[in-house]
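Asker: Guided by the hints, dock chain X onto chain S, whose structure is given.
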Amino acid sequence: MSASASIKAGRSAQELRRVTTSAIGWAACGIALICVIGPLIDIVGTVGYYGLSAFSVKLFTTTGTGISGGLLNAIEGTFIITLGAMIFAVPIGVAAGIYLSEYGNNRLGATIRFMSDTLTGTPSVVLGYFSYIVFVILLNWKFSVLAAAITIAILIVPYLARITELSLRQVPVAMREAGFALGATEPTVVFKIILPGAMSGVVTGALLALAISVGETAPLIYTAGWSASMWHGHMTNESIGYLTYVIWTAFEQPTAQAHALAFAAAFLVMMVVLVINIGVRLVVRRTKFV
Amino acid sequence: MKLRPFRLSMLGLSLLIPASLCAVVLFLLIYAWPAIGFSGLGFLTHVNWNFGDLDDDPVLTRGLLVPGGASYGILVFIAGTLLSSFIAILIAVPLSIGAAIFLAEAVPAKIRPALSMLVELVAVVPSIVFGLWGIWVLIPLIGHYLSPSGNGYGLLAASIVLALMITPIIATTLLDALMQVPKENRESAFALGATHFEVVSKAMMPMVRATLIGGIVLALGRALGETMAVAMVSGGGFNILPTSIFSPISSIASFIVNNLDSAEGDPTNMAVRAIAEVALVLFFITLAVNAAAKLLSSGALNVRKRQH
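Chains S and X, in that order, give the protein sequences. As numbered in our numbering, residues 1 to 290 make up the first sequence, in order. As numbered in our numbering, residues 1001 to 1308 make up the second sequence, in order.
These aren't lab readings, by the way, just hints derived from the structure by calculation. Fair warning: there could be bad hints in the mix.
What the hints assert, rightly or not - The following label-pair restraints were derived from C-beta to C-beta distances:
#1 X/M1179 <-> S/Q257: 46 to 54 Å
#2 S/I34 <-> X/I1245: 22 to 30 Å
#3 X/G1042 <-> S/K58: 52 to 60 Å
As the list claims (entries may be wrong) - Far from chain X, some chain S residues (derived; all Cβ distances over 12 Å):
#4 S68
#5 G69
#6 I75
#7 A181
#8 G183
#9 S200
#10 N237
#11 T255
#12 Q257
These figures come from a predicted structure and were not determined experimentally. C-beta atoms are modelled at their ideal positions from N, C-alpha and C, and glycine is treated no differently.
Chain S extracted, bound-state conformation:
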């Protein structure tokens, strides 16, 4: 950057060319950074502006069809599906993280890690279609909370396992040895010493998984269906609404009301995702998990 400022008279043509090239290079890099961050700011601004202008008390207190009315049923649905997914995924993900970090330095551990990474890389729409075949059609649950929650759980378990493993590995070996020296059993060492020591990492993982499940759409289209009324408490054979569906469906409609609803839903989803991600990054500085 400072190179262009220090051009002095009497430099050779080659030097001038090098300095100019550098200045152009830096400018290009700066522009590239703006091109990356600019759209994010525009997305937050656009969705924030239209989303907030669509906010009203009725939006949060009445149910809606996805293209008109309120968002109460969609908010409830997203909450229930996410909660259900977390109930399935957290115990499995944390247990897998414990196994991989404590006992997984062998071929079996490597295999589980590889399959887990493969699952992470599988497009969510493929998982959604798998669940459609197995839960909706073969098990005949129809579009339902259970099918949706299990699908999202399959989607987020690998993240949880990975982040739990990484944070457990950061607990010093001496802590484990101290525990065993006191005569503690394996479960005691894991649950009373290692897991509390790595709690911030595990919570981080759970929060990031929460953010992913709130923002997902594709797997839910094939498993949750859509319902314009509140949930009646059936785990199967009852469709359920969710926020991202509103965004997906409202833009096939020409009405301004539907568009406003889509922006309101998008704003809610985006805020949950961004607040979680910013919060986590501020608390856990520069720890790379993904």
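Answerer: Relative to the frame of chain S, chain X by itself:
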């Protein structure tokens, strides 16, 4: 060996992860089997996808009951997927190299965490919000200024949205690698009289090339499977190969998500089976790309490797 119930129970729970992956492949395969037999290799090479006449009685074709006139070929969707991802990579690579270099070398250390966090946040914005922004902001721009037909939906819109979504993956991978280049290498380049930009472009970038390529392939894997944003801005091209950058397209993923209603309307269930075969194809494409990324990055300057 002593029986260790705790260890075994942890192992049992973790085996659910590989089990679900196997279940995904297995059930898709079993369910798609009749469709695989019905379409044969033509599935991958035919341009036409036709659900057939869903209202009329199914007819016996090649030993299977299918809706009259049904034929399943996904060449258009494969082309749409590969083209949109490829153009997205072409846009994303220079952007992320520039952004990573700027973050690593030109930005004061104090504001670097804030800016790199912004770049990371681009990656967490849900796909559907990107799609919404695409429809509201990007499509009118393309329609107004670029597209000769005035219609912004199509290959270019899909590629730009994909590019924005995958740029952070490449940029953060590259940034991490650039920050790890040994000080000695940087300083010796400076000592030789190189300008700061020459230090970066001629001394540092060659050292991180392997990581960069790994990051690009990883981003490619993400782009290939991206669903909602592409489904919203791609124009949903059907049964016609794209002829220009403004042609409407469908990617494999967007086709799957767009065709639930048609699949459900098929009394013979053949449409659902055929789409299961589509999902299987998408799975294996992303699997191959992700495995390639893994192989490439295992040889590279790798953070995780160093800890062990």
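Asker: Which hint numbers doesn't this structure obey?
Answerer: Hint check: nothing fails, all pass.
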